[in-house]
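Protein chains: 2
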Amino acid sequence: MEKECVSVDNSNGKEMECLSIIPGWYSDVSDVFPVPGEIISIKIEKILFKGKSKYQDIMIFQSLTYGKVIVLDGIMQHTERDVCSYVEMIVHLPLASIPNPEKVLIIGGGMGFTLREVLRYSSVEKVDLVEIDEMVIDVSRKYLPEIAKGYEDPRATLYIEDGNAFVKNAAPGTYDVIIVDSSDPCGVSKCFFEKPFLEAASKALRPGGVYIIQAESAWIFLDFIKKLVENCNKFFKGSVNYAWTNVPSYLSGAIGFVICSTEGPPVDFINPVNKVDLDIISTNSESPLKYYNSKVHAAAFALPTFAEKVLYPKK
Amino acid sequence: MEKECVSVDNSNGKEMECLSIIPGWYSDVSDVFPVPGEIISIKIEKILFKGKSKYQDIMIFQSLTYGKVIVLDGIMQHTERDVCSYVEMIVHLPLASIPNPEKVLIIGGGMGFTLREVLRYSSVEKVDLVEIDEMVIDVSRKYLPEIAKGYEDPRATLYIEDGNAFVKNAAPGTYDVIIVDSSDPCGVSKCFFEKPFLEAASKALRPGGVYIIQAESAWIFLDFIKKLVENCNKFFKGSVNYAWTNVPSYLSGAIGFVICSTEGPPVDFINPVNKVDLDIISTNSESPLKYYNSKVHAAAFALPTFAEKVLYPKK
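For the protein sequence lines, the chains are A and B, in the order given.
Just add 1 to the spot in the first sequence (first one is 1) and you have the working numbering.
Just add 1 to the spot in the second sequence (first one is 1) and you have the working numbering.
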C-alpha cells in the first residue's frame with residue numbers, strides 16, 4: 002500500500018510533511034514490522050516534531066483524541082491517552098510482585114514513562130535506565146516534560162548505551178527487577194528477544210529476581226510469543242508467564258508481556274505482595290494511577306483459550 | 002471525512018461498489034454512531050453480499066486476515082476471526098453463572114453466533130431468539146451456514162419481531178437468562194438501553210435470573226456506561242456489574258457488557274458455578290471454545306482504575 006506525502010499543520014502554523022494513507026491521519030503501516038490486513042489510524046491535529054536519529058525516524062504529533070502520539074520508525078509507540086495501560090502494567094506487574102524492590106534496570110523506555118512509574122515505589126533506591134538513542138530522551142524532555150522529569154530524580158542514572166552490551170557487562174545478581182521496554186523485535190530491539198540477552202539478563206538478576214519484556218499480542222504473534230516463552234524457560238528457572246493488557250492504539254487492542262523469575266525465593270505473580278493501593282497511590286498522588294490495580298494485575302494472567310493452549314500445552 | 006466509491010471484486014469475479022477511505026479496505030467510519038479521531042481498517046478480499054433491508058444496510062465481505070466480516074449500517078459487527086471473544090463472553094458470562102440454565106431469550110443476534118453458543122448447554126431446554134430483521138438471518142444462512150445451523154435445533158424458536166415489544170409482552174418470570182446481543186445504542190437498538198425495556202426485561206426474568214447487554218468500551222463511552230449502570234440499578238435488585246473483553250476489530254480493542262441479576266437466589270458472577278471445562282467443551286467438541294475459560298470469566302470483571310472509579314464510585 003502506498004502512502005502519499007501530504008502536508009499537515011505543525012505547531013508553528015507552518016506545514017510539515019507526513020506520509021499518510023488518509024490525508025491528515027497517521028496510519029500504523031510499517032515496512033519494518035508489518036502486520037497485514039489491518040490498520041489503525043489516528044487523526045493528526047499538529048505534527049510537533051519530526052527527525053531522524055542515528056537509529057530511527059522519530060515523530061511526535063498532537064492527535065485529536067489520543068493526546069500526544071510518539072512514533073518510531075513508522076510504528077506508534079505510545080499515546081498520552083492509553084500509555085497508562087502499557088506502562089503501569091510493565092512496571093507494576095514485576096514491582097508489585099516482590100517485597101521491597103530496590104534496584105531496577107530499565108532497557109529502552111527513553112521517553113521516561115517507565116522510569117516515572119518505577120519511581121513511585123519508595124523502596125526503590127536505584128534505577129539504571131539504558132537507552133541507545135539520545136534523541137528519544139531529548140524529544141521527551143521537550144515535548145513531554147512532565148514524563149521526562151523522572152530523569153531529575155537522584156535515584157535515576159541514565160546511560161546512553163547499547164542495552165545488550167550493558168546487560169552482558171552487569172555484575173551478576175545486581176538487580177531485583179529488569180524491565181525491557183523495547184520496541185518491536187526488529188532492528189535495534191531484536192537482540193532483546195534472543196537467547197544471549199535472555200541468559201545475560203537472568204544472570205544480572207538476584208535469585209528470585211524478576212524479568213519482564215514487552216511481548217506482542219497473542220492475536221497476531223502467537224508463534225513468536227511461544228518461541229520467546231521457550232527461550233525464557235531455558236534461563237529463568239523460577240517461572241515464565243505471559244500476561245497481557247488492553248491498549249487501544251495497538252493493533253488488536255492488546256499487548257502482552259513475558260514475565261519471569263529467576264531461581265530463588267518463589268514469586269507469586271498472580272497474587273502480588275505489594276498492594277498498590279487505590280486510596281494512596283491512585284487517588285491522592287500528583288499523577289494517579291489510571292489503569293493498574295490489584296484485580297487488573299491478577300486478571301492479566303488469564304489468557305484466552307486459544308493462547309493458553311499454545312503457550313501452556315501441558316496444563 | 003469523505004468516503005470514495007471504489008470497486009472491489011466480488012465472489013463472482015464481477016465488481017461491486019464499496020465506499021472506502023482507503024481503496025480496497027473497509028473502514029469503520031459511521032455517521033450513525035461516530036467515534037471521532039480513530040479508525041480501524043480491514044483489507045477486503047471480496048465483497049460477498051451488499052443489500053438494504055427494511056431496517057439497515059447489510060454487507061458481508063471476505064477479508065484478508067479476519068475471515069468473513071459482517072457490517073451493519075457502516076459499522077463492523079463481527080469478524081470470523083475474533084467473534085469468539087465477543088460471543089463466548091456474552092453467552093458464558095451469564096450461562097456459566099447460574100446452575101442449570103433452561104430458558105433463554107436472545108434479543109437480536111440474528112446471525113446466529115449467540116444462539117449456537119447458548120445451545121452448547123445440555124441443560125438448556127428452550128431458546129427464543131427475537132430478531133427484527135429477517136434479511137440478517139437469510140444472509141447468515143447463506144454465507145455462514147455453520148453458524149446459522151443453530152436455527153435447526155428443536156430447542157430454538159425464531160421470532161421475526163420487534164424485541165422491545167416481545168419483552169414487554171413476555172409472561173413475568175419466564176426466562177432464566179436474557180441476552181441482548183444488539184448493535185450500538187442508536188436506531189432500532191436504542192430502546193434496549195432505556196428504562197422501559199430494562200424494566201420489562203427484569204420482569205420477564207425469574208427471581209435470580211440474569212440479564213446481559215452489550216455495553217460498549219469504557220475507553221470511549223464511559224459516560225454512557227455509567228448511565229446504563231444507573232438505569233439497571235433501578236430494576237435489577239440482585240447485582241449490576243460491568244465486564245469486558247478484548248475484540249481486535251472493535252475500536253479501542255475492547256467491548257463491555259452490563260450484566261445484572263434480579264432479586265432472588267444470589268448470583269456470584271466472579272466465581273461461575275458452571276465450569277465450562279476446557280477438556281470437554283473446548284477440546285473435544287466439533288467447534289471448540291476459542292476464547293472463554295473460567296479464568297477469563299473472572300478476569301472480565303477486573304476493571305481499569307479509570308473505569309472502576311466512575312462506575313463504582315462508592316467501592
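Worth double-checking, as some hints may not be accurate.
Since the list gives no way to pick one copy over another, a pair counts as held whenever it fits inside one copy or between any two copies.
Below, computed lysine-lysine pairings styled on PhoX-like, alpha-carbon distance capped at 20 Å [claimed, not checked]: (1) Lys228 x Lys191; (2) Lys4 x Lys44; (3) Lys55 x Lys296; (4) Lys296 x Lys310; (5) Lys104 x Lys310; (6) Lys310 x Lys196; (7) Lys315 x Lys291; (8) Lys276 x Lys238; (9) Lys204 x Lys276; (10) Lys4 x Lys169; (11) Lys227 x Lys69; (12) Lys44 x Lys291; (13) Lys227 x Lys196; (14) Lys291 x Lys310; (15) Lys235 x Lys315; (16) Lys238 x Lys143; (17) Lys296 x Lys143; (18) Lys227 x Lys291; (19) Lys169 x Lys238; (20) Lys196 x Lys44; (21) Lys169 x Lys310; (22) Lys55 x Lys310; (23) Lys196 x Lys51.
I should point out that these hints are in silico values taken from the structure, not numbers from a laboratory.
Results of checking the hints against the structure:
In this homomeric assembly, Lys228 and Lys191 come within 20 Å of each other (Cα to Cα) only inside a single copy, at 14 Å, whereas the closest approach across copies is 46 Å. Proximity of Lys4 and Lys44 under a CA criterion of 20 Å is satisfied in both settings, with 15 Å inside one chain copy and 15 Å between copies. In the homo-oligomer, the alpha carbons of Lys55 and Lys296 never lie at most 20 Å apart, since the shortest distance is 42 Å inside one protomer and 45 Å across protomers. For a Cα distance limit of 20 Å, the shortest separation of Lys296 from Lys310 across copies, 14 Å, qualifies, whereas the shortest one inside one copy, 23 Å, does not.
For the identical chains of this complex, Lys104 and Lys310 are neighbours neither inside a copy (35 Å) nor across copies (32 Å), given an alpha-carbon limit of 20 Å. Taking the shortest alpha-carbon separations for Lys310 and Lys196, neither the intra-copy value of 24 Å nor the inter-copy value of 42 Å comes in at or below 20 Å. Proximity of Lys315 and Lys291 under a CA criterion of 20 Å is satisfied inter-copy only: 17 Å between copies versus 36 Å inside one chain copy. Within a single copy, Lys276 and Lys238 get their C-alpha atoms no closer than 25 Å, and across copies no closer than 31 Å, so neither meets the 20 Å cut-off.
Within a single copy, Lys204 and Lys276 get their C-alpha atoms no closer than 28 Å, and across copies no closer than 41 Å, so neither meets the 20 Å cut-off. Taking identical chains as interchangeable, the C-alpha atoms of Lys4 and Lys169 are never at most 20 Å apart, the minima being 40 Å within one chain and 53 Å between chains. For the identical chains of this complex, Lys227 and Lys69 are neighbours neither inside a copy (33 Å) nor across copies (27 Å), given an alpha-carbon limit of 20 Å. Proximity of Lys44 and Lys291 under a CA criterion of 20 Å is satisfied in neither setting, with 23 Å inside one chain copy and 34 Å between copies.
For the identical chains of this complex, Lys227 and Lys196 are intra-copy neighbours only, at 14 Å inside a copy versus 47 Å across copies, given an alpha-carbon limit of 20 Å. With identical chains, the CA atoms of Lys291 and Lys310 are at most 20 Å apart between copies only, with a shortest distance of 9 Å across copies and 31 Å within one. Taking CA atoms no more than 20 Å apart as the test, Lys235 paired with Lys315 passes inside one copy only; the shortest distance there is 17 Å, against 47 Å between copies. Proximity of Lys238 to Lys143 under the C-alpha cut-off of 20 Å is found in neither arrangement, the shortest distances being 42 Å within a copy and 53 Å between copies.
Proximity of Lys296 to Lys143 under the C-alpha cut-off of 20 Å is found in neither arrangement, the shortest distances being 35 Å within a copy and 43 Å between copies. When the C-alpha separation of Lys227 and Lys291 is checked against a cutoff of 20 Å, the pair qualifies only between copies, where the shortest distance is 17 Å, while the shortest distance within a copy is 30 Å. Proximity of Lys169 to Lys238 under the C-alpha cut-off of 20 Å is restricted to the intra-copy arrangement: shortest distance 19 Å within a copy versus 60 Å between copies. Within a single copy, Lys196 and Lys44 get their C-alpha atoms no closer than 39 Å, and across copies no closer than 36 Å, so neither meets the 20 Å cut-off.
Taking the shortest Cα distances, Lys169 and Lys310 never come within 20 Å of each other, neither inside one copy (34 Å) nor across copies (43 Å). Taking the shortest Cα distances, Lys55 and Lys310 never come within 20 Å of each other, neither inside one copy (41 Å) nor across copies (43 Å). Neither within a single protomer nor between protomers do Lys196 and Lys51 lie at most 20 Å apart by alpha-carbon distance, with minima of 34 Å and 51 Å respectively.
The structure fails hints 3, 5, 6, 8, 9, 10, 11, 12, 16, 17, 20, 21, 22 and 23 (numbered hints given earlier, in ascending order).
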